[in-house]
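*Asks:* What follows is the residue order along each chain.
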Amino acid sequence: MLSKEAIQKIDYELTKYPGNQRQAAVMSALRIVQTERGWLSNESITEVAQYLGMPEIAAMEVATFYNMYDLAPVGKYKISVCTNISCMLRDSDQIVNHLKTKLGVGFNEVTADGKYSLKEGECMGACGGAPLMIVNNHTMHEFLTPEKVDEILDDLQ
Amino acid sequence: MLNIEIDGKALEVENGSSIIDAADKLGIAIPRFCYHPKLSVAANCRMCLVQVENFNKPLPACATPVADGMKIFTRSKSAIEAQKSVMEFLLINHPLDCPICDQGGECDLQDIAVAYGASGTRYTEEKRVVFNKNIGPLVSTDMTRCIQCTRCVRFLQEVGGMMELGMVGRGEHSEITAYVDKSVNSELSGNIIDLCPVGALTSKPFRYSARSWELTRRPSIAPHDGLGSHIEVQIKDNKVMRVLPREKESINECWLSDRDRFSYEGLNSPDRLKVPMIKHNGSWHETDWKTALEFAAGQIKDITNEHGSEALGVLVSPNSTMEEGYLAKQLANGLGCGNVDYRLRQTDFRLDGKRLGTPWMGCNIHDIEELDRILLIGSNLRNEHPLLAQRFRKAVANGAELSIISPLDNNPLMDVAHKVIVRPNDMVNVLGQILKAMSGLQRLSLCLPASLNELLAEIKVRPNAQAIAESLAGHGKDYDLVSPKVGIFLGNMALSDPRFTEMYSMAEAIGGITGAKGGILPAAANSTGMHMIGVMPNSTGMHARAMLEVPRKAYLIVNIEPELDCQHAALAKAAMQKAECVVALTAFKSAALEHADVLLPIAPYTETSGTFMSMEGRVQSFSAVVKPLGECRPAWKVLRVLANTLGLPGFDYETSEQVKEAIFAGEKPSAVVWRSLNNNLKELVEIHVNIKHEGLQRIGEVPQYNADPIVRRSLPLQKTKYNIKPMARMCASQLEALGLMAGDRVLVKQDKGSAILTVMLDPHVAKGCIRVAAAHEDTIGLGDLMGDISVEKLPAAQLNFDKAVITEVPA
Amino acid sequence: MATKTAKSSTTVMTDLKGQTLVCLRTLTEKNPASLASYIKLGGYSALKRLVTEKIKATDVITEVKTSGLRGRGGAGFPTGLKWSFMPRYFDGVKYLVCNTDEGEPGTFKDRDIIRYNPHQLIEGMAIAAYTLGARVGYNYIHGEIWQDYENFEAALHEAKAAGYLGEHLFGTNFSFDLYAVHGYGAYICGEETALIESIEGKKGQPRFKPPFPASYGVFGKPTNVNNTESYASIPWIMQHGGQAFADLGVANSGGTKLFSVSGHVTNPGNYEVKMGTPFTELLAMAGGVWHGRQLKAVIPGGPSTAVLPASVIESATMDYDGLSKARSSLGAGSMIVMDDTTCMVKALHRLSYFFYEESCGQCTPCREGTGWVYRIIDRIVKGQGKMEDLDLLTDVSRNISGRTICALGEAAATPVISFIKHFRAEFEYYIEHGKSMVDSKAEPK
Ligand SMILES: Cc1cc2nc3c(=O)[nH]c(=O)nc-3n(C[C@H](O)[C@H](O)[C@H](O)COP(=O)(O)O)c2cc1C
Ligand code: SF4
Ligand code: FES
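Chains as they are written, first to last, in this note's numbering: chain A, 1 to 157; chain B, 1001 to 1811; chain C, 2001 to 2445.
Hints listed in this document are in silico derivations from the structure and should not be mistaken for laboratory results.
Cβ atoms here follow ideal geometry from the backbone N, Cα and C, with glycine treated the same way.
Hints are not guaranteed to be accurate.
Unchecked claim - Ranges between beta-carbon positions, derived for each pair:
no., chain 1, residue 1, chain 2, residue 2, range
1, B, K1025, A, S3, 56 to 64 Å
2, B, E1053, C, F2085, 19 to 27 Å
3, B, N1056, C, Y2429, 31 to 39 Å
4, B, N1056, C, D2439, 36 to 44 Å
5, C, K2435, B, A1067, 52 to 60 Å
6, B, D1068, C, F2085, 18 to 26 Å
What the hints assert, rightly or not - On the chain B side, residues computed to face chain C include the following (Cβ under 10 Å):
no., residue
7, V1041
8, C1045
9, S1085
10, V1086
11, N1093
12, R1122
13, I1147
14, C1149
15, G1166
16, G1171
17, S1174
Stated by the list, open to error - With a Cα cut of at most 25 Å, we get these calculated SDA-like pairs of lysine to any residue:
no., chain 1, residue 1, chain 2, residue 2
18, A, K9, C, F2219
19, C, K2346, A, H98
20, B, K1025, C, P2211
21, C, K2221, A, P18
22, A, K9, A, R22
23, C, K2202, A, R22
24, B, K1038, C, S2215
25, B, K1127, C, G2383
26, C, K2017, A, E142
27, C, K2382, B, T1121
28, B, K1279, B, E1310
29, A, K16, B, D1415
30, B, K1057, C, S2215
31, C, K2202, B, D1415
32, A, K16, C, V2093
33, A, K9, A, Q23
34, B, K1419, A, R22
35, B, K1477, A, R22
36, A, K78, B, G1169
37, A, K16, C, G2163
38, A, K100, C, Y2353
39, B, K1127, C, K2386
40, C, K2221, B, S1040
Modelling step: build the complete structure from the supplied sequences, incorporating the hints.
*Replies:* Written as structure tokens, this is what we have:
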């Protein structure tokens, strides 16, 4: 069951669209539910589809099309590092390697304590701050150095 | 009109045509995969790229509208290069397993690859493999072969009305799939097999049973509903291997319902009766035709001699051919018996003798698409007429407003503008309200006859009836129409309701006021034909219901299983049991025929010739596509020989064509039809509008895959989600009112009969009703399809089974 | 250096030397994103004037045409002309869409507009709405810049509270609602019809055009789509006149342009300069090639534009004609600078992976072709390349290009074709030796 808070947030998103276009809010709705639950299970997708009155498979299409939806459990902190060209030119490799060694996991893996998972991201539209990463989809950290990564990880307790 | 040129050939085409349509007109073949004239244009396969003068890039012929003066080259260097490169791309990830692929020999990809593909491959990387899916008992998948043309997705969404497949993932990882573990439940699902241009979606029942080139193809007519779909029956070694649609734009377009497509599996059922059988001292013995016929004739003769010819009752399936119905009637009449009927699932015969002609759907099938306002009365359309529903869907997609009056709130998979979900009895009152509301609408008030006005004086119009009236009168949700094209149709539930006469009369009155087209949507393949040739009692004869209520000493039954095919199962069973002799012409051995005395094996539609007349009055003849199984004989022949054996004169037909000729008395069939079809009544019949009746009513729907002896034996159809055992289905408030819970066991009773059923919560059922499916062995103890019913909870002590958990209820 | 050290919208370096600020004009203010800062610089005055004086839509469009403003989303389509395609009379809601989905590697200019000058975008959209008769607008924002999305939504509420959005603006009949919506990680949603699908709650698969959004856009209604920078230029144009804007630039390229400079420069960031600024000048503003290294190559407008070797780009000017003369294009102004330690094979490897991952998957050449291209390059990088691969790569890319529904096909093909064309020797070396030509040259990190 969608939580009261989630429904409230989804209802706010629905105000942006004509009343007969509830499906339009699916991107937000999936985001809201994922933020609340950590990832999108099939049940979550079903609930969102039902709440918006759209075919479940259409909600599944959306959930599987956009990178930032997680269809499998991720760590408490999901770290996505951009490795695209602008970041790569500014040594995102070094950041990735640092993270991999420090966390002891590779891309698309979760640390044994379930705390972190690591993802390779595509361009995040902030290449001026390369190299960079986002934590849990919504917090961006730019101009990374291994030292700065350490500081950030220390703050994620 | 626009003037264009394709490959140097000039052509005049309509504004808005696409290049591909224009080329098709000229017979210039442009290769394609994703394009389908009945589906939205996706333009995603890119196979149809052609060169157009003044464009530096090749354009997709399917999605590019023609412009005046356009010069198109489909075989120029740049066009061919583009097409070849697309072909190369399509093949790099496609398995080269044609020899083991069921699509082999009828694969668009294979065919076009031969024309456009290169001999060797430049692709040396690893090929993509896609996890296979299970989407149900009808459609088999091999998703690695999929070329992502999305035809199947678009079909289910646009024609089927429900998005059951989607393309999940992105880019190269995209896959066509149903949601998680769901199956595709559309009653039109088989069409995606035809649509799939490769071997990704194939027929599960047909799988690996034959290669396409080994099959002989014969045309025929679909035998399960009144649409009259054109089919192609494919056979091998005198066996029907599969059934496909034959394109007929005005009837089935290029589609086929799953019932018509997969019912053939019932033809090969082990139940098939191959030799005549006679019951001796309670046990069945095989015999030869001569003995069987002499026995049958002897019994009939003895009984009619002794008790009078009215001691015989003749019941004919409305799925039988006109020839069969005609001869059955002639036979009865020859014996001086007027008890003949095909209306096995009807209970209200008050209109007999009041009609001006043969009732029919009142318009042509494709007219439905053009309607602006539609009123559907007592029809679960998708269950009753799965493919016809699609025409209504098109009308609604074109902006028509659909109103529904029904005891079932099933989703018709199209937008419903207004609906009233009430007990069957109350449907009449709702119609009365609509009629009254209409007379109050200014534009229409003058037309109403005074007699009806009086009748309606007491009725109070409720808002939803008012809304339907306004919609039919032309007031619209979006815009008003002064003269809308209106269609009013009565479905199976109305047809088998005891108050059909009221509903029909009201519908006719509403239709008169609104200038509506419409009529009834008869259930079976030949209902309209049977009516036209009068396979009905004469003025002194008994109708189907009476023949069972007042049991006859002898019955001749043609192509039916009485307790499954009749309105009142318990009565039918008791009548057969009581009769001294039951002569059954049947294609199947059946528990439902255990009270018969002679079984005469007849040929189903694939093994005989004959004629059906569709709900729109189309007379369509077909020939046998295979030889009769075993000793089976066409039913028209059996009836003829039986009549001969009975010593009746005038039965010397050599062929079914001669019977047909007799039916139409040498006239053009369409001329006879033209004279005969008429939904009007001769006179106003006495009707009762306000019936106060508080008891529970049964909604005895016939599930589509239980509708007749053949479909009941098609295993793949029986495995679909539609096939759920009959239960006592009620809405939540009804459950509460009765103190019942889903999973409870109850005793439901009708008249003297009863059945023990599990209770199920079904939010689609009107309050005051219990939905209990018919045409099933679990409910053969029950009575009228639409009638009074009562329910008692069984004590918990008797509960010795798992609580029924219904996770998915097909609409 | 506008934004390098600007990590939040309140502290901004004001060393704006050499820049001409139109879209980022509030950067001179202490709190650039605030409504107060914007109003101080004359913000919302153009909107108010047009609406209250009931200036004719055709007059606005003429002014935009005069300005020489061309779409900043990459294709460079003249904005005034695009606006003239919107049907004037239409029974029902027309929509306005702003494209802030920049996801092409090296592009990050629109982000700075919404975080440093959101009200100028809002005003630009409101002017467009007034001109085109749109009742509702959406700004579709790239999913990964989440904080900026939230800030922009806050700016919308601020504008609404101040009476610049909503019903009956300035006491007139003009009403306009503007909403922020977000992507969630799909580059293809930058393509305008994919973006529209995404707004409708579907996966972002581009639609075949025609019909164009102007006749069949959001929810099937007439819709105008422009890039953030395009809309953000409008208030300035309306305030100062189209001619003044045109005069900032050069022939065929009116106004200023934000260049997102990334890669091997000392100070990456956005630089708003006049159209026609010489490349060398722009590079110098970004502090030149970092670590004093040599310039090797530049992708001038984002990966969908052809890479140019140093020798070619060094004499180019940064405007539509200047870069097309250099056989590349301006694109979205996403200048990716590569120094002489860059391995072009690996750079292309990463780019081809990007297009392979981001293809929406609906049309055959792109879905199949991008995967094929990536796999070949991947094989080369793993030391298993064959010489024939280079021609095959070019050929496969040509077969993608021009045969797809949207321009991602071309975008994917362009880097492959241009990298191999300009740096073939480097590819051949890699294939022959199974390793990069530059690894040995590069000084250890
Ligand atoms: C693959 C692809 C990605 C695109 N990405 C963007 C983008 O991120 N931002 C953008 O404004 N336009 C992008 N475009 C261009 C848009 O389709 C569209 O032309 C533009 O938003 C129109 O605005 P303009 O005329 O103001 O430039 C992209 C196009 C393609 C084919
Ligand atoms: S070119 Fe690529 S991204 Fe564009 S529509 Fe085709 S498959 Fe999708
Ligand atoms: S048939 Fe035209 S693109 Fe597929």
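*Asks:* So, for every hint listed, does it hold in this structure?
*Replies:* Quick rundown of the hints versus the structure:
no., hint, result
1, B:K1025 to A:S3: 56 to 64 Å, "58 Å, holds"
2, B:E1053 to C:F2085: 19 to 27 Å, "24 Å, holds"
3, B:N1056 to C:Y2429: 31 to 39 Å, "35 Å, holds"
4, B:N1056 to C:D2439: 36 to 44 Å, "41 Å, holds"
5, C:K2435 to B:A1067: 52 to 60 Å, "54 Å, holds"
6, B:D1068 to C:F2085: 18 to 26 Å, "21 Å, holds"
7, V1041, "7 Å, holds"
8, C1045, "5 Å, holds"
9, S1085, "4 Å, holds"
10, V1086, "5 Å, holds"
11, N1093, "6 Å, holds"
12, R1122, "6 Å, holds"
13, I1147, "7 Å, holds"
14, C1149, "9 Å, holds"
15, G1166, "9 Å, holds"
16, G1171, "4 Å, holds"
17, S1174, "4 Å, holds"
18, A:K9 to C:F2219, "23 Å, holds"
19, C:K2346 to A:H98, "20 Å, holds"
20, B:K1025 to C:P2211, "24 Å, holds"
21, C:K2221 to A:P18, "12 Å, holds"
22, A:K9 to A:R22, "14 Å, holds"
23, C:K2202 to A:R22, "11 Å, holds"
24, B:K1038 to C:S2215, "23 Å, holds"
25, B:K1127 to C:G2383, "20 Å, holds"
26, C:K2017 to A:E142, "24 Å, holds"
27, C:K2382 to B:T1121, "22 Å, holds"
28, B:K1279 to B:E1310, "24 Å, holds"
29, A:K16 to B:D1415, "24 Å, holds"
30, B:K1057 to C:S2215, "23 Å, holds"
31, C:K2202 to B:D1415, "20 Å, holds"
32, A:K16 to C:V2093, "14 Å, holds"
33, A:K9 to A:Q23, "15 Å, holds"
34, B:K1419 to A:R22, "22 Å, holds"
35, B:K1477 to A:R22, "19 Å, holds"
36, A:K78 to B:G1169, "21 Å, holds"
37, A:K16 to C:G2163, "18 Å, holds"
38, A:K100 to C:Y2353, "21 Å, holds"
39, B:K1127 to C:K2386, "19 Å, holds"
40, C:K2221 to B:S1040, "18 Å, holds"
The structure meets every hint from the earlier list without exception.
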